[in-house]
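J.: Fit chain B to the supplied structure of chain A, relying on the hints for placement.
Number of protein chains: 2
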Amino acid sequence: MQTKFILDEDQLPRQWYNIIPDLPGPMAPVVHPGTLKPVTPDDLLPLFPMPIIEQEVSQQRWIDIPEEVLDIYRLWRPAPMYRAHRLEKALDTPAKIYYKYEGVSPAGSHKPNTAIPQAFYNKQFGTKRIATETGAGQWGSSMALACQMFGLECTVYMVKVSFGQKPYRKSMMQLWGADVIPSPSDQTNAGRKILEMDADSPGSLGIAISEAVEDAATREDTRYALGSVLNHVCTHQTVIGLEAQKQMEMAGDYPDVVIACHGGGSNFAGLAFPFAADKASGKDVRIVAMEPASCPTLTKGVYDFDFGDTAKMAPISKMYTLGHDFVPPGIHAGGLRYHGAAPLVSQLVDAGIVEAKAVPQLASFEAAVLFSRSEGIIPAPESSHAIRGAIDEALQAKEEGKEKVVLFNLSGHGHVDMAAYDAYFSGELEDYEYPEEAIADSLAHLPKIEGV
Amino acid sequence: MQTKFILDEDQLPRQWYNIIPDLPGPMAPVVHPGTLKPVTPDDLLPLFPMPIIEQEVSQQRWIDIPEEVLDIYRLWRPAPMYRAHRLEKALDTPAKIYYKYEGVSPAGSHKPNTAIPQAFYNKQFGTKRIATETGAGQWGSSMALACQMFGLECTVYMVKVSFGQKPYRKSMMQLWGADVIPSPSDQTNAGRKILEMDADSPGSLGIAISEAVEDAATREDTRYALGSVLNHVCTHQTVIGLEAQKQMEMAGDYPDVVIACHGGGSNFAGLAFPFAADKASGKDVRIVAMEPASCPTLTKGVYDFDFGDTAKMAPISKMYTLGHDFVPPGIHAGGLRYHGAAPLVSQLVDAGIVEAKAVPQLASFEAAVLFSRSEGIIPAPESSHAIRGAIDEALQAKEEGKEKVVLFNLSGHGHVDMAAYDAYFSGELEDYEYPEEAIADSLAHLPKIEGV
Numbered sequence: 001m002q003t004k005f006i007l008d009e010d011q012l013p014r015q016w017y018n019i020i021p022d023l024p025g026p027m028a029p030v031v032h033p034g035t036l037k038p039v040t041p042d043d044l045l046p047l048f049p050m051p052i053i054e055q056e057v058s059q060q061r062w063i064d065i066p067e068e069v070l071d072i073y074r075l076w077r078p079a080p081m082y083r084a085h086r087l088e089k090a091l092d093t094p095a096k097i098y099y100k101y102e103g104v105s106p107a108g109s110h111k112p113n114t115a116i117p118q119a120f121y122n123k124q125f126g127t128k129r130i131a132t133e134t135g136a137g138q139w140g141s142s143m144a145l146a147c148q149m150f151g152l153e154c155t156v157y158m159v160k161v162s163f164g165q166k167p168y169r170k171s172m173m174q175l176w177g178a179d180v181i182p183s184p185s186d187q188t189n190a191g192r193k194i195l196e197m198d199a200d201s202p203g204s205l206g207i208a209i210s211e212a213v214e215d216a217a218t219r220e221d222t223r224y225a226l227g228s229v230l231n232h233v234c235t236h237q238t239v240i241g242l243e244a245q246k247q248m249e250m251a252g253d254y255p256d257v258v259i260a261c262h263g264g265g266s267n268f269a270g271l272a273f274p275f276a277a278d279k280a281s282g283k284d285v286r287i288v289a290m291e292p293a294s295c296p297t298l299t300k301g302v303y304d305f306d307f308g309d310t311a312k313m314a315p316i317s318k319m320y321t322l323g324h325d326f327v328p329p330g331i332h333a334g335g336l337r338y339h340g341a342a343p344l345v346s347q348l349v350d351a352g353i354v355e356a357k358a359v360p361q362l363a364s365f366e367a368a369v370l371f372s373r374s375e376g377i378i379p380a381p382e383s384s385h386a387i388r389g390a391i392d393e394a395l396q397a398k399e400e401g402k403e404k405v406v407l408f409n410l411s412g413h414g415h416v417d418m419a420a421y422d423a424y425f426s427g428e429l430e431d432y433e434y435p436e437e438a439i440a441d442s443l444a445h446l447p448k449i450e451g452v
Numbered sequence: 001m002q003t004k005f006i007l008d009e010d011q012l013p014r015q016w017y018n019i020i021p022d023l024p025g026p027m028a029p030v031v032h033p034g035t036l037k038p039v040t041p042d043d044l045l046p047l048f049p050m051p052i053i054e055q056e057v058s059q060q061r062w063i064d065i066p067e068e069v070l071d072i073y074r075l076w077r078p079a080p081m082y083r084a085h086r087l088e089k090a091l092d093t094p095a096k097i098y099y100k101y102e103g104v105s106p107a108g109s110h111k112p113n114t115a116i117p118q119a120f121y122n123k124q125f126g127t128k129r130i131a132t133e134t135g136a137g138q139w140g141s142s143m144a145l146a147c148q149m150f151g152l153e154c155t156v157y158m159v160k161v162s163f164g165q166k167p168y169r170k171s172m173m174q175l176w177g178a179d180v181i182p183s184p185s186d187q188t189n190a191g192r193k194i195l196e197m198d199a200d201s202p203g204s205l206g207i208a209i210s211e212a213v214e215d216a217a218t219r220e221d222t223r224y225a226l227g228s229v230l231n232h233v234c235t236h237q238t239v240i241g242l243e244a245q246k247q248m249e250m251a252g253d254y255p256d257v258v259i260a261c262h263g264g265g266s267n268f269a270g271l272a273f274p275f276a277a278d279k280a281s282g283k284d285v286r287i288v289a290m291e292p293a294s295c296p297t298l299t300k301g302v303y304d305f306d307f308g309d310t311a312k313m314a315p316i317s318k319m320y321t322l323g324h325d326f327v328p329p330g331i332h333a334g335g336l337r338y339h340g341a342a343p344l345v346s347q348l349v350d351a352g353i354v355e356a357k358a359v360p361q362l363a364s365f366e367a368a369v370l371f372s373r374s375e376g377i378i379p380a381p382e383s384s385h386a387i388r389g390a391i392d393e394a395l396q397a398k399e400e401g402k403e404k405v406v407l408f409n410l411s412g413h414g415h416v417d418m419a420a421y422d423a424y425f426s427g428e429l430e431d432y433e434y435p436e437e438a439i440a441d442s443l444a445h446l447p448k449i450e451g452v
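Chains as they are written, first to last, in my numbering: chain A, 1 to 452; chain B, 1 to 452.
Same shape as in the complex, but just chain A (with noise of 0.2 Å):
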């Protein structure tokens, strides 16, 4: 019995999918945050180098990868993608369960698919340093990398509690060559007006933001770089889902259904896409987007304009928001932990084409818990909804008697996580409410955008 399903180095995709043409239909204009109207490429400039601009909005399906990324892609590309023997066995199901396993990567998870491309398109375009934020780690680690291959300067404007908290990350940073700033900081303006109302501030994802849009809209050796959401970051996580298709034909087998994590989109958008081209041809296929139950976005959000950030600096898109100054509950899937959603994913579950379900954070531990046991790696909190989603499949597989092929994304491990495990196993962890009244609150605060 067959475990893994390795491609040869010549099997890596060489081309990344764009699913912007194959759409249901039009997008929605990208919404400048000042004046309300659609945005130029010149808007968007001192944010981005030019060819992420054009990738951002092309109608080309398929865009070549360059082969300097094809380089460093060899590095951990193409990814393994397993058959779970041991979980099925666990769960003594009938359904057959795959998944793909991005941990393989330097950083550990599927973000440096999309930092290595946006550091090569940035240093042909001429920038010398790179300024993004994280709040968990994740993204900066692969950032920090990615700058490092390609000998830019990276600076990281980490959330502070996070910063405390994960050290593990940031010295994952620094060894990969970047500057790390807590923040709120008293390098930019918006981190020092945050830090004179509240000296400890112990920061979010939207004031750490602000601060790296800030550094790189007045530096001009300096462009900004965002580790989801973004069409481009969607278009480059396709690698994953490319090599999957590959792998599911060298097992014999195509999946009923495809399951990812979602947060800002990514890893989601990575796997689910080129299936999402398979059901469009006519496939018969499931994709299923799985959410904590804590930042329900795509199940309990609304499909309207929204700011990508709290601070309302960033772009308006048109996406699943539960508005952009709901605050998440404090969940260990850090990664997860946002108000909106890829404009791209919106659309497609808002056309019926991908469900989302929402998972509470303990059935994702103890689903986390179960798979480290049967299969051995340690999964990631945010990776620990697809696990979710797959067991639940494969439950109500056995309960209906029925074959069924699941594969889904294991988008990291969790070494750096066990923290958040020890907190499950002691007992701390909860599951929170639906937060009704914060949602309504915020949904309350959306943007009116008229007439683009």
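These are calculated hints, taken from the structure and not from any lab test.
Wrong hints could be hidden among the right ones.
Given that identical chains are not distinguished, each listed pair holds provided it fits within a single copy or across any two copies.
Each computed DSS-like pair below joins lysine-lysine, with the alpha-carbon atoms no more than 25 Å apart [to be verified]:
#1 K283 x K448
#2 K128 x K89
#3 K123 x K89
#4 K96 x K312
#5 K4 x K246
#6 K448 x K300
#7 K402 x K283
#8 K312 x K300
T.: For chain B alone, kept in the frame of chain A given last:
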């Protein structure tokens, strides 16, 4: 330019290589710590199951790997071998550098290669529970994983200071279902004795071994497991070198020099022994063990009989040793802080088949940083000693203007060792003077073994 050399699952070795029949001379006997006479299988039966005792002295060159073990090896094996193109470029060397990467196991190191078969043979033999010890936690977490896979209970005595300092390793063991007890504990006579003298004792590997051995020896359902030094451990690890031989063939190269770090000897033996067999058949290959300068067992120790543990409860073996009461300085490569060396490796060093070199702590971290910044992967502090050896060989090749093929073992990743990198970057780490007096002192206490 190919970066990774990946074997299919059907190329996973089906047999381990046992070097005992190919040793340059007869093995010295193992001596009972009480009687000072050669041990018998019966002496060992309270500690180990019979199949392990038989492997310890087997004259069979090839030992079949049980199917049940192969099934679990497949979760991460065959492990990849890489060509370090970026490191070569950074060094501007004509040398070709290859590395075998063992950090892909669920525990992040080579240790499961022997933990899995040890758990299997114990299960087969009827053992219900394993007692073992761990210092930094690599071995304890691997044994916890292995016991989980075979449904054995697992108790790990973890050196108390590490229990506090390495919380992530402790959490991994708990996630995989092990009971982790800070040592010294009140669970054993050995532990209670220490606590009576010093209630705040930080513990030591020597004490933890004594506790685990006592636990196993006094409970009928329990056996003991050791993660290095012993013959069967070295044999199980040879999957590393056997795979690497096939992968070097894929690469169309053969190593001029094979390098691994050396603490107790297990990852070193794993990579080196299959190449030592090649060398015995006439191949021109150098084999180098890299040890820490602060615990220079192979380079400054003597080749003589000594106890395996500080408390003089473990069997006496002929090996390179710094004396059983030598306490190495607190370097961050915790896995290399052992006063002795595997008897099999010791015999090869004594016969001139294996070279040994010592490397100071700071030089090993310098190598680790260069490696992380060129190849991406963050190495464990132990493995960094091997990287230093490889870099030095490559720099020498550059100086001499020679082509040279270097192969080293990257025995584990450093994701749970980031505190050591922090200490390095903050300038807190130092090189220890060669502890000449301490070694002379402890060498004065070797047991007198005669007529065996």
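J.: Next, verify each hint and record whether it holds.
T.: Evaluation of the provided hints:
1. K283 x K448: neither (39 Å within a copy, 77 Å between copies)
2. K128 x K89: Classified as between: cross-chain Cα gap 22 Å, same-chain 52 Å, threshold 25 Å.
3. K123 x K89: between (48 Å within a copy, 19 Å between copies)
4. K96 x K312: Close neither inside one copy (45 Å) nor across copies (52 Å); limit 25 Å.
5. K4 x K246: Answer is both: 13 Å inside a copy and 19 Å across each meet the 25 Å cutoff.
6. K448 x K300: within (20 Å within a copy, 76 Å between copies)
7. K402 x K283: Classified as within: same-chain Cα gap 19 Å, cross-chain 57 Å, threshold 25 Å.
8. K312 x K300: Within. Shortest intra-copy distance 22 Å satisfies the 25 Å Cα cut-off; inter-copy 65 Å does not.
Violated hints for the displayed structure, listed by number in ascending order: 1 and 4.
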